[in-house]
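Number of protein chains: 2
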Amino acid sequence: MAKLPKAVSQLIESFERLPGIGPRSAQRLVFYLLHNPEERLKEFADRLLALKKETVLCSRCHQISETDPCPICSDPSRDQTKLCVVEEPLDVIALESSGTYDGLYHVLHGVIAPLNNVGPDQLYLHDLAKRLDGVKELVIATNPTMEGEATALYIKEFLEQSSQVDVSKLKITRIGHGLPVGADIEYADGVTLKRAMEGRREI
Amino acid sequence: MAKLPKAVSQLIESFERLPGIGPRSAQRLVFYLLHNPEERLKEFADRLLALKKETVLCSRCHQISETDPCPICSDPSRDQTKLCVVEEPLDVIALESSGTYDGLYHVLHGVIAPLNNVGPDQLYLHDLAKRLDGVKELVIATNPTMEGEATALYIKEFLEQSSQVDVSKLKITRIGHGLPVGADIEYADGVTLKRAMEGRREI
Numbered sequence: 310m311a312k313l314p315k316a317v318s319q320l321i322e323s324f325e326r327l328p329g330i331g332p333r334s335a336q337r338l339v340f341y342l343l344h345n346p347e348e349r350l351k352e353f354a355d356r357l358l359a360l361k362k363e364t365v366l367c368s369r370c371h372q373i374s375e376t377d378p379c380p381i382c383s384d385p386s387r388d389q390t391k392l393c394v395v396e397e398p399l400d401v402i403a404l405e406s407s408g409t410y411d412g413l414y415h416v417l418h419g420v421i422a423p424l425n426n427v428g429p430d431q432l433y434l435h436d437l438a439k440r441l442d443g444v445k446e447l448v449i450a451t452n453p454t455m456e457g458e459a460t461a462l463y464i465k466e467f468l469e470q471s472s473q474v475d476v477s478k479l480k481i482t483r484i485g486h487g488l489p490v491g492a493d494i495e496y497a498d499g500v501t502l503k504r505a506m507e508g509r510r511e512i
Numbered sequence: 310m311a312k313l314p315k316a317v318s319q320l321i322e323s324f325e326r327l328p329g330i331g332p333r334s335a336q337r338l339v340f341y342l343l344h345n346p347e348e349r350l351k352e353f354a355d356r357l358l359a360l361k362k363e364t365v366l367c368s369r370c371h372q373i374s375e376t377d378p379c380p381i382c383s384d385p386s387r388d389q390t391k392l393c394v395v396e397e398p399l400d401v402i403a404l405e406s407s408g409t410y411d412g413l414y415h416v417l418h419g420v421i422a423p424l425n426n427v428g429p430d431q432l433y434l435h436d437l438a439k440r441l442d443g444v445k446e447l448v449i450a451t452n453p454t455m456e457g458e459a460t461a462l463y464i465k466e467f468l469e470q471s472s473q474v475d476v477s478k479l480k481i482t483r484i485g486h487g488l489p490v491g492a493d494i495e496y497a498d499g500v501t502l503k504r505a506m507e508g509r510r511e512i
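If you read the protein sequences in the order shown, they are chains R and H. Count the first sequence with our numbering and you get residues 310 to 512, in order. Count the second sequence with our numbering and you get residues 310 to 512, in order.
Keep in mind that the hints are not guaranteed to be accurate.
[To be verified] List of simulated lysine-lysine pairs, BS3-like, C-alpha gap at most 27 Å:
| no. | chain 1 | residue 1 | chain 2 | residue 2 |
| --- | --- | --- | --- | --- |
| 1 | H | Lys361 | R | Lys362 |
| 2 | H | Lys445 | H | Lys465 |
| 3 | R | Lys361 | H | Lys362 |
[As the list claims (entries may be wrong)] Label-pair distances were calculated between CB atoms; the ranges are:
| no. | chain 1 | residue 1 | chain 2 | residue 2 | range |
| --- | --- | --- | --- | --- | --- |
| 4 | H | Arg326 | R | Ser318 | 21 to 31 Å |
| 5 | H | Lys362 | R | Thr390 | 48 to 58 Å |
| 6 | H | Glu469 | R | Glu363 | 56 to 66 Å |
| 7 | R | Arg510 | H | Ala492 | 47 to 57 Å |
| 8 | H | Lys478 | R | Arg333 | 32 to 42 Å |
| 9 | R | Gln473 | H | Arg349 | 36 to 46 Å |
| 10 | H | Leu424 | R | Ser386 | 46 to 56 Å |
| 11 | R | Ser318 | H | Ile512 | 31 to 41 Å |
| 12 | H | Glu458 | R | Ser318 | 26 to 36 Å |
| 13 | R | Asp430 | H | Ala492 | 47 to 57 Å |
| 14 | H | Pro328 | R | Thr390 | 42 to 52 Å |
| 15 | H | Arg349 | R | Asp388 | 31 to 41 Å |
| 16 | R | Glu507 | H | Val427 | 52 to 62 Å |
| 17 | R | Gln389 | H | Arg326 | 38 to 48 Å |
Think of the hints as simulated: they come from the structure by calculation, not from any bench. Every residue, glycine too, gets a C-beta built ideally from N, C-alpha and C.
Extracted from the complex, chain R is given alone in its bound form (with noise of 0.2 Å):
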């Protein structure tokens, strides 16, 4: 039976190792990269190599940045006293194109997941109530599903319990929930519903 050359099987190897990626695909990938020039190809390995290289973790928010601290960390004009949670380097870039926080961020680098086997040890909490001297908000953004309301609420519990930090002082605050800007109500679920109710406010 005729095979596919080893350096074409190989690759079409590492594509399938992505997320969301099947064997089909992969096989397509590798044959539409067989088209490509080869600077193309030589482009696209300098990039793979510098994307490790060439970025860090912020020490302080854990944000990938290219200088530690980050720009957002060493920037003075943003608000000090205000201290945003969020599951993944993503968000930050979605709120921050919002325009509508300005002040700091702590990444966690994923979500209490049991069923994934990653508990808190796992994501970048361990600093957190270090983090907290001055601050008068934390606003907790952590995703609007089971394992980002868990992690939500473990948050809170945990630094109500911690000795380093003065809850009493401190606002603890969850990103609202509610219906999507252009959603229909027709179509929303009912937990959102819910939400949107709960959340109602006064106009």
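Dock chain H against the given chain R, drawing on the hints supplied.
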């Protein structure tokens, strides 16, 4: 506004260029790779570089191969009187794994698609006539799409008009169309049913 490190955004751009990968999937893939160990990234990069360096197109059938001629073209036990024209290298692999064909192949690397500016000159068609010496049957196994059908017709007419080929001695066949095994007549489309009726055989 916060921006992603250059190494991250450039790699996202490289992934976005691949077919079927949009901006969101590209972001997700890059952040997945950030959590990979550096050796894994190096392996991926090396394989990208090896893709073109360690493969050649067979000068006879234009299949992707480690050697020239490819294992199929250099195998004397294959039936040298049959030649099967296919669109892409993966079609050869699929036909080989079906185990029903023992002749030689000719890979076009595409189909005639005027809407995408692909004419006969962009395909490996020019040397097809030269390969027909001693060939008794030419199986045209382009895909049963509009472009594949048009290409099959073009090849037939091109060979009939060619002075190099004696078509009276050459049987030109088209791969069979009809219902795929396991399909349901109830859900089959009209064109497929028409082809299945036309292609009916005595049992």
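Evaluation of the provided hints:
Distance hint between lysine 361 of chain H and lysine 362 of chain R is fulfilled; the C-alpha atoms sit about 25 Å from each other, no more than 27 Å. Using a Cα cut-off of 27 Å, the hinted pair lysine 445 of chain H and lysine 465 of chain H holds, with the two alpha carbons roughly 14 Å apart. Straight-line distance between C-alpha atoms of lysine 361 of chain R and lysine 362 of chain H comes to about 25 Å, which keeps the hinted pair within the 27 Å bound. Between arginine 326 of chain H and serine 318 of chain R the CB atoms are about 22 Å apart, so this pair conforms to the stated range of 21 to 31 Å.
Remark: the range hint 48 to 58 Å for lysine 362 of chain H to threonine 390 of chain R is upheld by a beta-carbon distance near 56 Å. At about 59 Å, the CB distance of glutamate 469 of chain H to glutamate 363 of chain R agrees with the hint of 56 to 66 Å. Against the hinted window of 47 to 57 Å, the Cβ-Cβ separation of arginine 510 of chain R and alanine 492 of chain H comes to about 56 Å, which satisfies the hint. About 40 Å separates the C-beta atoms of lysine 478 of chain H and arginine 333 of chain R, a value consistent with the hinted range of 32 to 42 Å.
A beta carbon spacing of about 37 Å between glutamine 473 of chain R and arginine 349 of chain H agrees with the range 36 to 46 Å that was offered as a hint. Distance hint check for leucine 424 of chain H and serine 386 of chain R: the Cβ-Cβ separation is about 53 Å, which falls inside the suggested range of 46 to 56 Å. Serine 318 of chain R and isoleucine 512 of chain H have their C-beta atoms about 40 Å apart, which keeps the hinted 31 to 41 Å range intact. A hinted range of 26 to 36 Å holds for the C-beta pair glutamate 458 of chain H and serine 318 of chain R, which are about 31 Å apart.
The given range of 47 to 57 Å is respected by aspartate 430 of chain R and alanine 492 of chain H, whose C-beta atoms sit roughly 52 Å from each other. Between proline 328 of chain H and threonine 390 of chain R the C-beta distance comes to about 48 Å, which sits within the given range of 42 to 52 Å. The hinted window of 31 to 41 Å between arginine 349 of chain H and aspartate 388 of chain R holds, with their beta carbons roughly 39 Å apart. A hinted range of 52 to 62 Å holds for the C-beta pair glutamate 507 of chain R and valine 427 of chain H, which are about 58 Å apart.
Glutamine 389 of chain R and arginine 326 of chain H have their C-beta atoms about 41 Å apart, which keeps the hinted 38 to 48 Å range intact.
Hint violations for this structure: none, all hints satisfied.
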